[in-house]
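**Q** Letter by letter, the chains look like this.
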Amino acid sequence: MKILFEQDILQENAHQAELNKSAFGDTLVINIIGSPGCGKTTLLEKTIDALAGELNIGIIEGDIYTAKDADRISHHQVPVIQCNTAGGCHLSAEIIAKATAELNAGALDILIIENVGNLVCPAEFDLGEDHKVAVLSVVEGDDKPAKYPLLFQEAGMIIINKCDFLELTNFNMDSAIADLRGLNENAPIIQMAAYKDDGLEPWFQWLRDEVKSKRNRADA
Amino acid sequence: MHESSLVEFTLNAVEDKAASMNIKKVTLIHLTCGKMRGAIPQLMNEAFRLLTPARPMFHGAVLEMEETPIIAKCRACNSQHEIEEFHDITCPACGGKEYDIISGEELRIDYFEGE
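Protein sequence lines correspond, in order, to chains A and B. For the record, in the first sequence the residue sitting at position 22 is 22 according to the working numbering, with numbers rising by one throughout. For the working numbering, add 220 to where a residue sits in the second sequence, where the first one is 1.
Hints are supplied without guarantee of correctness; some may be wrong.
[As the list claims (entries may be wrong)] DSBU-like mimics (lysine-lysine), calculated; alpha carbons at most 30 Å apart, straight line: (1) A:Lys-196 <-> A:Lys-46; (2) A:Lys-212 <-> A:Lys-21; (3) A:Lys-2 <-> B:Lys-245; (4) A:Lys-196 <-> A:Lys-212; (5) A:Lys-147 <-> A:Lys-46; (6) A:Lys-98 <-> B:Lys-237; (7) A:Lys-147 <-> B:Lys-244; (8) A:Lys-98 <-> A:Lys-21; (9) A:Lys-46 <-> A:Lys-68; (10) A:Lys-21 <-> A:Lys-196; (11) A:Lys-147 <-> A:Lys-196; (12) A:Lys-196 <-> A:Lys-98; (13) A:Lys-98 <-> A:Lys-214; (14) B:Lys-255 <-> B:Lys-293; (15) A:Lys-21 <-> A:Lys-46; (16) A:Lys-68 <-> A:Lys-21; (17) A:Lys-2 <-> B:Lys-237; (18) B:Lys-255 <-> B:Lys-237; (19) B:Lys-244 <-> A:Lys-2; (20) B:Lys-317 <-> B:Lys-293; (21) A:Lys-214 <-> A:Lys-46; (22) A:Lys-2 <-> A:Lys-21; (23) A:Lys-98 <-> A:Lys-46; (24) B:Lys-255 <-> A:Lys-2; (25) B:Lys-293 <-> A:Lys-147; (26) B:Lys-255 <-> A:Lys-147; (27) B:Lys-317 <-> A:Lys-21; (28) A:Lys-68 <-> A:Lys-196; (29) A:Lys-21 <-> A:Lys-214; (30) B:Lys-237 <-> A:Lys-21.
No lab work stands behind these hints, which were simulated from the structure alone. Being a predicted model, the structure only gives us computed values, none of them experimental.
Looking at chain B on its own, in the form it has when it is part of the complex:
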């Protein structure tokens, strides 16, 4: 349900930036959201559909969201592997148990398109 807040923060930030560049209409917004952040693409789109009618700058705009996987780097052997579930995590290369997360925590507005 935090998707509606994430979309609202996105619209606020893009609106400010677009206004500062004298852009009247935004046609596309591209986000990158790491899987760690629990933003569900369908719910992000639903929130976008519900929140944009009240904001004329975004009428007809499209939201694109790229999801990035959670990638762990093993502290023992430095190999990288994807984490599907945070249970009994073991490095597939060396069996190490300690790791650092190096990707999957993004919550970023990459770019937008407007006219």
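The shape of chain A in the complex, shown without the other chains:
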């Protein structure tokens, strides 16, 4: 017997992501995705230090193993939950549902999820976030948007990090930005060197603006 199905493979995840969206309420939820070592955790630390005085921030750390990133974040006095996927290469909406319940995420202004370091898999899985943020560091090479298009197409914000290394690499910024714009004409692109505190302000301002617009949408 042949049964026509015509169902999205990820429907179960999409359904849970919708439930997560409701649970998040008017909290802005950001899903940060990038390769291992592109600077995601450093970006988080800088963001907490800059904004924790004005906004309630909570963090979910996704890693395959260890709680090293959550340890780093816990020194910054914000609530943090570590999710270990034990081999899994991405977070799923179900994992986030459990972590969200523990964090009381609805009481936060921003929930930032640092996904497992990987340019491919996390882009597939909707967690119920408002925006995916793609982080690309110049040391990875300017060909990465063309090689891993889905993430950069889906991103609501694109960060090009470690720009202080530009002169030491053959990264062609014009070529990278042209490829990014071909994939995604709307997402802001911010160049920064997070570790050096250089170029971060537009990112902070974008977060402040997005928190406000999420609240306004929720109030409307």
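Since chain A is already given, all that's left is putting chain B on it; use the hints.
**A** Same frame as chain A, but now just chain B:
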């Protein structure tokens, strides 16, 4: 590596549907995956081989996966062309640079067979 998750979600969905129709054994599952989604057919089959022994409903079942190319439609002249690589994309018909992707993003269970 997300192939194992994709196969697991597929098995969950098919198992639920099959159970609701009183189907005891699934013999074939047919998927369509767009190239944009980065699901590698060999890895999908490998994940299927590793995940099905623990699920009796799928013993002996076959996974078929159809890959669809990434097709762009030029905003200037509406012609369609396949994208092999997302670098310096130019419409071969008119030289236009702006396009919309109209195919290649599928991730779908089309049908399954069972008894």
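**Q** Work down the list of hints and note, for each, if the structure agrees.
**A** Okay, the hints, checked on the actual structure:
Taken as a hint, the A:Lys-196 and A:Lys-46 pair is honoured in the structure, with Cα atoms around 10 Å apart against an allowance of 30 Å. With a C-alpha separation of about 17 Å, the suggested pair A:Lys-212 and A:Lys-21 falls inside the 30 Å cut-off, and the hint holds. A C-alpha spacing of about 12 Å is found between A:Lys-2 and B:Lys-245, which places the hinted pair at or below 30 Å, so the restraint holds. For the hint pairing A:Lys-196 with A:Lys-212, the CA-to-CA distance comes to about 28 Å; that is within 30 Å, so the pair holds.
Taking the CA atoms of A:Lys-147 and A:Lys-46, the gap is about 29 Å. The hint holds against a cut of 30 Å. Proposed proximity of A:Lys-98 and B:Lys-237 is supported: the alpha carbons are some 26 Å apart, at most 30 Å. Taking the CA atoms of A:Lys-147 and B:Lys-244, the gap is near 42 Å; set against the 30 Å cutoff, the hint is violated. Restraint check for A:Lys-98 and A:Lys-21: satisfied, since their Cα atoms lie roughly 13 Å apart, inside the 30 Å limit.
Restraint check: the Cα-Cα separation between A:Lys-46 and A:Lys-68 comes to about 17 Å, which is no more than 30 Å; the hinted pair holds. Restraint check for A:Lys-21 and A:Lys-196: not satisfied, since their Cα atoms lie roughly 34 Å apart, outside the 30 Å limit. For the proposed pair A:Lys-147 and A:Lys-196, the alpha carbon gap of about 28 Å is at most 30 Å, so the pair holds. Our distance criterion of 30 Å between C-alpha atoms is broken by A:Lys-196 and A:Lys-98, whose separation comes to about 35 Å.
With a C-alpha separation of about 23 Å, the suggested pairing of A:Lys-98 with A:Lys-214 holds against the 30 Å cut-off. Between the alpha carbons of B:Lys-255 and B:Lys-293 the distance comes to roughly 16 Å, so the proposed pair stays at or under 30 Å and holds. At roughly 26 Å between alpha-carbon atoms, A:Lys-21 and A:Lys-46 fall within 30 Å of each other, so this suggested pair holds. Among the hinted pairs, A:Lys-68 with A:Lys-21 is consistent with the structure: their alpha-carbon atoms are about 28 Å apart, no more than 30 Å.
Pair hint A:Lys-2 plus B:Lys-237 holds up; C-alpha atoms about 12 Å apart against a cutoff of 30 Å. Taken as a hint, the B:Lys-255 and B:Lys-237 pair is honoured in the structure, with Cα atoms around 26 Å apart against an allowance of 30 Å. Taken as a hint, the B:Lys-244 and A:Lys-2 pair is honoured in the structure, with Cα atoms around 13 Å apart against an allowance of 30 Å. Straight-line distance between C-alpha atoms of B:Lys-317 and B:Lys-293 comes to about 11 Å, which keeps the hinted pair within the 30 Å bound.
Distance hint between A:Lys-214 and A:Lys-46 is fulfilled; the C-alpha atoms sit about 22 Å from each other, no more than 30 Å. A distance of roughly 36 Å separates the Cα atoms of A:Lys-2 and A:Lys-21; the hinted pair therefore is violated under the 30 Å criterion. Under the criterion of a C-alpha separation no larger than 30 Å, the hint pairing A:Lys-98 with A:Lys-46 is consistent with the structure, at around 26 Å. This hinted pair checks out: B:Lys-255 and A:Lys-2 have alpha carbons roughly 26 Å apart, not beyond 30 Å.
Annotation: proposed proximity of B:Lys-293 to A:Lys-147 holds, straight-line Cα distance about 20 Å (limit 30 Å). Restraint check: the Cα-Cα separation between B:Lys-255 and A:Lys-147 comes to about 12 Å, which is no more than 30 Å; the hinted pair holds. At roughly 35 Å between alpha-carbon atoms, B:Lys-317 and A:Lys-21 are farther apart than 30 Å, so this suggested pair is violated. Using a Cα cut-off of 30 Å, the hinted pair A:Lys-68 and A:Lys-196 holds, with the two alpha carbons roughly 21 Å apart.
Proposed proximity of A:Lys-21 and A:Lys-214 is supported: the alpha carbons are some 12 Å apart, at most 30 Å. A threshold of 30 Å between alpha carbons decides the hint, and for B:Lys-237 with A:Lys-21 the separation of about 26 Å falls inside it, so the pair holds.
Violated hints, in rising order: 7, 10, 12, 22 and 27; the structure is consistent with all others.
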